[in-house]
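Asks: Here is what each chain is made of, one letter per residue.
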Amino acid sequence: MAQAIIIKRFLDELGDMSRFSSRFFIEWFKPRYEIAEFFKQCYIIGYKSLPLIGLTGFIMGLVLTMQLRPSMVDYGVESQLPAIVGIAIVREIGPVITALIFAGKIGSSIGAELGSMKVTEQIDAMEVSGTNPYKYLVVSRVLATTFMLPVLAILSDGISLYGSYLGVNIKGETSSLLFWTQVTNSLEFYDVLPAFIKTYFFGFAVGMIGCYKGYNSSKGTEGVGHSANSAVVVSSVTIFILDLLAVQVTDLLGFN
Amino acid sequence: MAKEIINNIKLGVFVLASLFIIILLLYMIGRNRNLFGSNYILKATFENIQGLKAGNNVRFAGIDVGTVKKIEIKNDTLIEVIMIIDKKVKNIIRKNAIVSIGTDGLVGNKVVNIIAVKKEGEIAKSGDFLPTKRPIDTDDMIKILQKTNTDASVVAENLKYTTTQINQSNIVWSILRDTLLYKSLQKSIMNIHLITENANETVADIKKIITNVKNGKGTLGSIVSDTTIASNLNKAIDQIHSVGKTTDTLIHNINKISLEINSKIENGNNIIQSLLQDSMIPIRFNNSLKNIESASNGLNQNMEALKHNFLFRTYFKKIEKRKSTEDKNK
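Residue numbers (this note's numbering), protein chains in the order written: chain G, 1 to 256; chain R, 1 to 330.
It should be emphasised that the hints constitute simulated quantities derived from the structure, not laboratory data.
Quick caveat: nothing in here was measured; it's all calculated off a predicted structure.
Just to be clear, a hint being listed does not mean it is correct.
Now the in silico label distances, taken between C-beta atoms and shown as ranges [as the list claims (entries may be wrong)]: (1) G:ARG23 x R:ILE63: 54 to 64 Å; (2) G:ASN169 x R:LYS143: 40 to 50 Å; (3) G:GLU92 x R:LYS74: 36 to 46 Å; (4) R:LYS74 x G:PRO31: 34 to 44 Å; (5) G:PHE29 x R:ILE71: 42 to 52 Å; (6) G:SER71 x R:GLN50: 24 to 34 Å; (7) G:LEU252 x R:GLN50: 44 to 54 Å; (8) G:GLU127 x R:MET28: 42 to 52 Å; (9) G:GLN3 x R:MET28: 52 to 62 Å; (10) G:ILE6 x R:MET28: 18 to 28 Å; (11) G:GLN80 x R:LEU176: 48 to 58 Å; (12) G:SER218 x R:ASN109: 54 to 64 Å; (13) R:LYS119 x G:ASN169: 19 to 29 Å; (14) R:GLN50 x G:GLN80: 19 to 29 Å.
The C-beta atom is built at its ideal place from N, Cα and C for all residues, glycine as well.
Start from the sequences, fold in the hints, and give me the full structure.
Replies: So, in structure tokens, the structure goes:
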């Protein structure tokens, strides 16, 4: 019985979330575009996240290189270190790590922000005053996350590869030209493009889940904390599910 | 409001930076795949392309000059490989350059190698077919290696057996440990050296002799080369034979005589016994002989005197004359 209730609640929330998301696609096209709000959110969501994403990306590149080196030396392919690190970062590590950090930072902040607005009935007040709260709050934020995460992911890739270059040069000696030649030689378009495209979905998922959790929070300040927390957890899980789907789809299309 | 503009500028820089990175990345990948820039197309046909794929590198003299664009199956034994080649080498690759499929490293990707031949030829144009060389099949190589391996293992086994035998043998070890052996060996070798030198000289001498013999010089040479000597030798041997026979009879006769003499001596014939046994007789005999000699000398002188005597001179002259006429007639 308890299980049936859990499943029922899960399906109820999933359906509610789908309805909430589909509303986004309808509202997105309707005029009175909140352009200023969109840019403001882009600044907050994208630009302000760069130091955090850059730091994690740099450390990931450096650490991955240093961790891979012993195995590569064992196999006698130390010279292929830039190639393998390049593939790992561009295909998987860059997008996913960036999306997870992004979910932790932005998902929680959106969830908490919208949750507190909901709890303090600001959203209701907005609706009363004639402003479309969904358009003003949700569409601008979701669009900002959707467009900012790919940008952040690319910058993170670049910073990671720089970290990897430093990592290669800790124990070895590789000129930057050779490093970049090896990295770009090992990469194909079908390594870069699916990884780039999937970050849009990651960004959309993070923004959407954060907004949904905040928009539907309840039970006072406790609900705000809960919605911020669940926004991070659900969006992180969704990122992994989307990653799995992305790899399946690219494999199906023959891009692997 | 001013703060908002600054924020938007920051945002613009941020987005542009990422755009720059992705465009750079895509461009560099594209440049490696020859998607940008001017290219031309070369073709080659193979029987077996051994896993070559579209996108594999094409190398001219080891330099990456292009990529494989497409692989088309023309029929069951003919596969056409279409390559995109950088225009930079358009005036370098000739129509008689040979195309082969190789491997980048031992386990790397397949690559198409274009190798120039040291002969004159036309410059290849876009769409030209280049001659190909049958690629080295790794399967064949591995088969041969397998055979080599088994052979090597047999050889190793034999070597192992030999070394154990050597290890177990005391003689070999004693020889190896003997410090004097080396000196004596050295000496022996020196001796051998001397001997061979002598032998050399001897051989040279023999050679000389043989050439002499061949040319009929020297005694041996004349013997060998003279054909009449054999018959002469035969005759001589025959004569020696007959001489031997006569000496035989002679000896027989002498034997007989001596036996007779002996028997006479034993029978007490006084004259002979006295002759043999009397010690004075040989001296006397000697004296008699001397006397006879002096007598004959005297007779000779008498005869010479007689020649010069007027009574007999004419007779002797006549004899001389007759003799001289006989010489003339001869």
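Asks: Does the Cβ pair ASN169 (chain G), LYS143 (chain R) satisfy 40 to 50 Å?
Replies: 44 Å, holds
Asks: Between PHE29 (chain G) and ILE71 (chain R), is the Cβ distance one that fits in 42 to 52 Å?
Replies: Since PHE29 (chain G) and ILE71 (chain R) have Cβ atoms about 45 Å apart, the given range 42 to 52 Å holds.
Asks: Just tell me: holds or violated, for the beta carbon distance of GLU127 (chain G) and MET28 (chain R) against 42 to 52 Å?
Replies: 51 Å, holds
Asks: Given the hint of 54 to 64 Å, check if ARG23 (chain G) and ILE63 (chain R) actually sit that far apart at their C-beta atoms.
Replies: Cβ of ARG23 (chain G) to Cβ of ILE63 (chain R): about 58 Å, so the range 54 to 64 Å holds.
Asks: Quick one: are SER218 (chain G) and ASN109 (chain R) within 54 to 64 Å, going by C-beta?
Replies: Because 58 Å falls inside the window, the suggested range holds.
Asks: Go ahead and decide if the range 44 to 54 Å is satisfied by the Cβ distance of LEU252 (chain G) to GLN50 (chain R).
Replies: 28 Å, violated
Asks: Using the Cβ atoms, figure out if GLN3 (chain G) sits within 52 to 62 Å of MET28 (chain R).
Replies: Because 54 Å falls inside the window, the suggested range holds.
Asks: Measuring from beta carbon to beta carbon, are GLN50 (chain R) and GLN80 (chain G) in 19 to 29 Å?
Replies: Distance hint for GLN50 (chain R), GLN80 (chain G) holds at roughly 22 Å.
Asks: Holds or violated: 36 to 46 Å for the Cβ distance of GLU92 (chain G) and LYS74 (chain R)?
Replies: 40 Å, holds
Asks: Regarding LYS119 (chain R) and ASN169 (chain G), is the given constraint of 19 to 29 Å on their beta-carbon distance met?
Replies: Since LYS119 (chain R) and ASN169 (chain G) have Cβ atoms about 47 Å apart, the given range 19 to 29 Å is violated.
Asks: Is it true that the C-beta distance of SER71 (chain G) to GLN50 (chain R) lies inside 24 to 34 Å, as the hint says?
Replies: At 29 Å between Cβs, range holds.
Asks: Holds or violated: the 48 to 58 Å window for the beta-carbon distance between GLN80 (chain G) and LEU176 (chain R)?
Replies: Holds, since GLN80 (chain G) and LEU176 (chain R) (Cβ atoms, about 50 Å apart) stay within the stated range.
Hint violations for this structure: numbers 4, 7, 10, 13, all remaining hints satisfied.
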